[in-house]
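Novice: Each chain, letter by letter, is given below.
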Amino acid sequence: MSVIGAAAVAVQVGGVVAGAPLLCGLMRQVRARLEGRAGAGVGQPWRDLRKLLRKEAVTSLGTGPAFRAAPVLLVATTAVVAALVPLASTATVVSGSSDLIVVVALLALGTVTLALAGLDSGTAFGGMGASREMTLAALVEPTILVSVFALSLPTGSTNLPAIVSGALSDPDRLVSPAGLLATAALAVAVLAETGRLPVDNPSTHLELTMVHEAMVLEYAGPDLALVELGAQMRLTVLLGLLASLFAPWGIATTASAGALAIGLAVCAGKVALLGAVLAAAEVFWAKLRLFRVPELLAGSFLLSLLAVTASYFLSGA
Amino acid sequence: MSAAGGTLTAGVGAAGLAAGVAALGGGHWSADLPWLLPLGGVRLEVDALSGLFMAVAGAVVLAVAMYAAGYGRASRTASWVLPGFGAVLVLVPAAGSVSTFLLLWELMAIGSLVLVLGEHRQRRAVREAGVWYAVLTQLGFVALLGGLALFAALAGGQTFPELRAAAGELGPTWRGTVFALLAVAFTSKAGIAPLHAWLPRAYTESPDPVSALMSATMVNLGVYGIIRFGLDLLGGGSPWWWLVLMGTGGVSAVYGILHAAMASDLKRLLAYSSSENMGLVLVGVGAGGLFAADGDRRLAGLALAAALLHLVNHSAFKGLLFCAAGSVVRATGVRDLDMLGGLRARMPVTAALFAVGALGAVALPPGNGFAGEWLLLQSLIHGLAVPGMATAVVLPLAVAVIALSAGLSAAVFVKAFGVGFFARPRGEAAAGAEESPPAVLAGMGLLALACAALALFPGELGPALDRVVIVAGAEPAVGGGAGVRLRTVSGGLAPLWIALALTLAALATATLVRLVARRPRRTGAKLWDCGGGAPTARMTYTATSFAEPLQRVFQHVLAPEQDVSVTPVREFAYLEERVRFRHRVPDRIEHRLYRPVLAALAAAGRSARRLATGSIHLYLGYGFFGLVSLLLVLAVGW
Numbered sequence: 001m002s003v004i005g006a007a008a009v010a011v012q013v014g015g016v017v018a019g020a021p022l023l024c025g026l027m028r029q030v031r032a033r034l035e036g037r038a039g040a041g042v043g044q045p046w047r048d049l050r051k052l053l054r055k056e057a058v059t060s061l062g063t064g065p066a067f068r069a070a071p072v073l074l075v076a077t078t079a080v081v082a083a084l085v086p087l088a089s090t091a092t093v094v095s096g097s098s099d100l101i102v103v104v105a106l107l108a109l110g111t112v113t114l115a116l117a118g119l120d121s122g123t124a125f126g127g128m129g130a131s132r133e134m135t136l137a138a139l140v141e142p143t144i145l146v147s148v149f150a151l152s153l154p155t156g157s158t159n160l161p162a163i164v165s166g167a168l169s170d171p172d173r174l175v176s177p178a179g180l181l182a183t184a185a186l187a188v189a190v191l192a193e194t195g196r197l198p199v200d201n202p203s204t205h206l207e208l209t210m211v212h213e214a215m216v217l218e219y220a221g222p223d224l225a226l227v228e229l230g231a232q233m234r235l236t237v238l239l240g241l242l243a244s245l246f247a248p249w250g251i252a253t254t255a256s257a258g259a260l261a262i263g264l265a266v267c268a269g270k271v272a273l274l275g276a277v278l279a280a281a282e283v284f285w286a287k288l289r290l291f292r293v294p295e296l297l298a299g300s301f302l303l304s305l306l307a308v309t310a311s312y313f314l315s316g317a
Numbered sequence: 001m002s003a004a005g006g007t008l009t010a011g012v013g014a015a016g017l018a019a020g021v022a023a024l025g026g027g028h029w030s031a032d033l034p035w036l037l038p039l040g041g042v043r044l045e046v047d048a049l050s051g052l053f054m055a056v057a058g059a060v061v062l063a064v065a066m067y068a069a070g071y072g073r074a075s076r077t078a079s080w081v082l083p084g085f086g087a088v089l090v091l092v093p094a095a096g097s098v099s100t101f102l103l104l105w106e107l108m109a110i111g112s113l114v115l116v117l118g119e120h121r122q123r124r125a126v127r128e129a130g131v132w133y134a135v136l137t138q139l140g141f142v143a144l145l146g147g148l149a150l151f152a153a154l155a156g157g158q159t160f161p162e163l164r165a166a167a168g169e170l171g172p173t174w175r176g177t178v179f180a181l182l183a184v185a186f187t188s189k190a191g192i193a194p195l196h197a198w199l200p201r202a203y204t205e206s207p208d209p210v211s212a213l214m215s216a217t218m219v220n221l222g223v224y225g226i227i228r229f230g231l232d233l234l235g236g237g238s239p240w241w242w243l244v245l246m247g248t249g250g251v252s253a254v255y256g257i258l259h260a261a262m263a264s265d266l267k268r269l270l271a272y273s274s275s276e277n278m279g280l281v282l283v284g285v286g287a288g289g290l291f292a293a294d295g296d297r298r299l300a301g302l303a304l305a306a307a308l309l310h311l312v313n314h315s316a317f318k319g320l321l322f323c324a325a326g327s328v329v330r331a332t333g334v335r336d337l338d339m340l341g342g343l344r345a346r347m348p349v350t351a352a353l354f355a356v357g358a359l360g361a362v363a364l365p366p367g368n369g370f371a372g373e374w375l376l377l378q379s380l381i382h383g384l385a386v387p388g389m390a391t392a393v394v395l396p397l398a399v400a401v402i403a404l405s406a407g408l409s410a411a412v413f414v415k416a417f418g419v420g421f422f423a424r425p426r427g428e429a430a431a432g433a434e435e436s437p438p439a440v441l442a443g444m445g446l447l448a449l450a451c452a453a454l455a456l457f458p459g460e461l462g463p464a465l466d467r468v469v470i471v472a473g474a475e476p477a478v479g480g481g482a483g484v485r486l487r488t489v490s491g492g493l494a495p496l497w498i499a500l501a502l503t504l505a506a507l508a509t510a511t512l513v514r515l516v517a518r519r520p521r522r523t524g525a526k527l528w529d530c531g532g533g534a535p536t537a538r539m540t541y542t543a544t545s546f547a548e549p550l551q552r553v554f555q556h557v558l559a560p561e562q563d564v565s566v567t568p569v570r571e572f573a574y575l576e577e578r579v580r581f582r583h584r585v586p587d588r589i590e591h592r593l594y595r596p597v598l599a600a601l602a603a604a605g606r607s608a609r610r611l612a613t614g615s616i617h618l619y620l621g622y623g624f625f626g627l628v629s630l631l632l633v634l635a636v637g638w
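Protein chains in written order, with the UniProt record's numbering: chain W, 1 to 317; chain S, 1 to 638.
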């Protein structure tokens, strides 16, 4: 039990670290093809990371420990989240402490460290990015936690493996109004948390429109590699979390090697599919003006609130 | 501060801590001292609920005494009032009768007022803050006096056991009246909106050790009062009491943190954040009361334990943050974040300690604020099991309020820490800062240790919290152990393991990067800034600019005021001599609620002036007519 459980954690973390650049490459490739370009290939982000890691580490003068530690902390928080979230298996050694609120808080911790690094650089762009990122993060938080509320109602617990296995044994709750509303709300929140269109444009080159990229403008070499890897891992983990919550089929519920292998393969497939859909959708979306984003987030908050009330009133309580 | 005063204060704190811990361990004692005062005498009674507040107050008094001794600069009055104020803070929760409670409460108000006014000779704003504080505190005291006198008269006795015994037989209207009066008094002491107007002023203008002491201990006593009188002595009540409390708590949480997000004065920011945290505690207490009123004592225990855990955490991190802010003010003489910056290299220990406090305040793991908010969210989420339309509407909104205030507090403390301590100094005051003396750092270190212990082993408080919620009439909900285990609902939190996992992951990442990298040596380079080259310190982001997006998002709530006046050079419309830009975010509740009342009072005073023209004949006439009308009333009435 515990050997396979520990292996499941290692597989999840390893899978996220190895798969995140591939997912990013896949999404760029899908986008390139839809726009009529050839694209650089799925492996390009990995090649970029390798190149950056081999470069000299450069520290900007006038920055401090926060600037240097932030990339490592960003990757570390995301790795811990990858270990906690049931991506491939619900029967891991850490499934007892895999709490949805803890996961949300750890992701927020990563955001905070990066925002502090942006301020530590002492440049106008760093401060601007940090300010915008924290504003958006603050506005996303209510949506996420109220969706957590809606999701934990049928199970009576915020424990993630319990929620996922509960949905597996009772798939009706996924297509109930509450489940669908919570899915929609959480999907918008994930877009905002990972800095995708229409909230933020990850491939922008115009500094004045940047949110996430503005914070990390001063990074170079291995530090930049970690920042990029961290962002890619966040996207992978959050898409995986969405997949596990709203389409949990295929995930390993027992601690056997076969189930774990199937779970990993199915999870990779689901995340790749979600990523491809997101990339295809992004071709047709434009980035929202920064001060229109709160409207989008308010809408998603309303959806999550409706999810809670729907699950309360429709369950006949 | 004199050495004798410091030692005395530290002794008071240590005694309070010891007594509180003994009471939390299950001790219970009471003392009747009828000879000590005329009329009611003095009665002290200590149970687990008192013990928790005594222990928190004692610990903070101890740490702040050490800090104040190193801080110096206190007036002679302050160094003799401080031990007495510390003693009163420890003793208020031990009061066992109405007269004792009122006496200690008023002593606390007067003592804190004297301390707030400590620097009145240096700054005018201190006097104004003192007036606001005195008026609001005394109004609260009037409400408290009315409520408790009514309660004691209805109960026919004034000791707490007598009140407890008689509360069940009172009519719901009387109980509601008593509770409403007490709630006004206690929420004003806890700095809950709309009665918070004194808090940002008093905390900002009082000497730094005093702000730390007040923010970490005195506001707690408002919550103590609500739990002691509302839940214990009145024995709970109808759900509307608690819904109103939850509502004001929620409003206060969001309003407080929004103003903290707008503030660029470091101490004002921390003060508004106190208003937010007390709001969250009140949401928890309100939820506890609501569940208890609906008969679910297990969930009530969970919500109350969450509120109390958050209160203890808030005391630890807010005391630390105010002390660290004081250390900054001591070194630079500046509270304005827009003038600070670059302190992490000049005051490394203060910066590190501020970081510990800020990590607690943002309620993210591995900080100490997380466990309390996690527990609070758990209690609200499970609270939907309590039937009723009110819970179905209120609880999701409460979760949203907690989430929004947690998200905003992350922005607030990123601003406070990132702008105040990082990058480069924005002024000469910050550039010439030096680290504070060891005694100051030691006082802060004690509070930081408390933060770390609470962050990693919150479960150790579990048994104590269980004893406290039993006093408040609820069932114990939190088990012991290193992590937090819920007894009545499924769920658990292991902060120690989260912290270990984070450390391990960070170490592994750093090691892997080092193994893969070809050139492990770091080199320094000029800031790039998109090719702009290293910007000057004036070009960096300030606290005001950091808050700008949030201000635009919430402009309908905050109603910022902006004023541009352009003075052209005479006869040249296009050549400007001077452009003046003024921008501020006023406290809207204060403007809309207090200013009209103050203006009406002033107008009434002015119009009453017409009655007193200075003529003796007129005054004699008033006396004559007054006497005659009184006699007429008596003659007609009887």
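It is possible that some hints are incorrect.
Pulled a few chain S residues facing chain W out of the computed Cβ check, cut under 8 Å [unchecked claim]:
#: 1; residue: MET339
#: 2; residue: GLY407
#: 3; residue: PHE422
#: 4; residue: PRO425
None of these hints come from the bench; they were simulated from the model.
The beta carbon of each residue, even a glycine, is placed where N, CA and C say it ideally should be.
Novice: Just to be careful: measuring from the Cβ of PHE422/S to every Cβ in chain W, is the smallest value less than 8 Å?
Specialist: 4 Å, holds
Novice: Closer than 8 Å between Cβ atoms is the bar; does GLY407/S clear it against chain W? Give me holds or violated.
Specialist: 3 Å, holds
Novice: Given MET339/S as an interface hint, is the shortest Cβ-Cβ distance to chain W below 8 Å?
Specialist: 15 Å, violated
Novice: Tell me if PRO425/S is really an interface residue toward chain W, meaning its C-beta lies closer than 8 Å to one of theirs.
Specialist: 10 Å, violated
Hint compliance for this structure: hints 1 and 4 are not met, and every other hint is.
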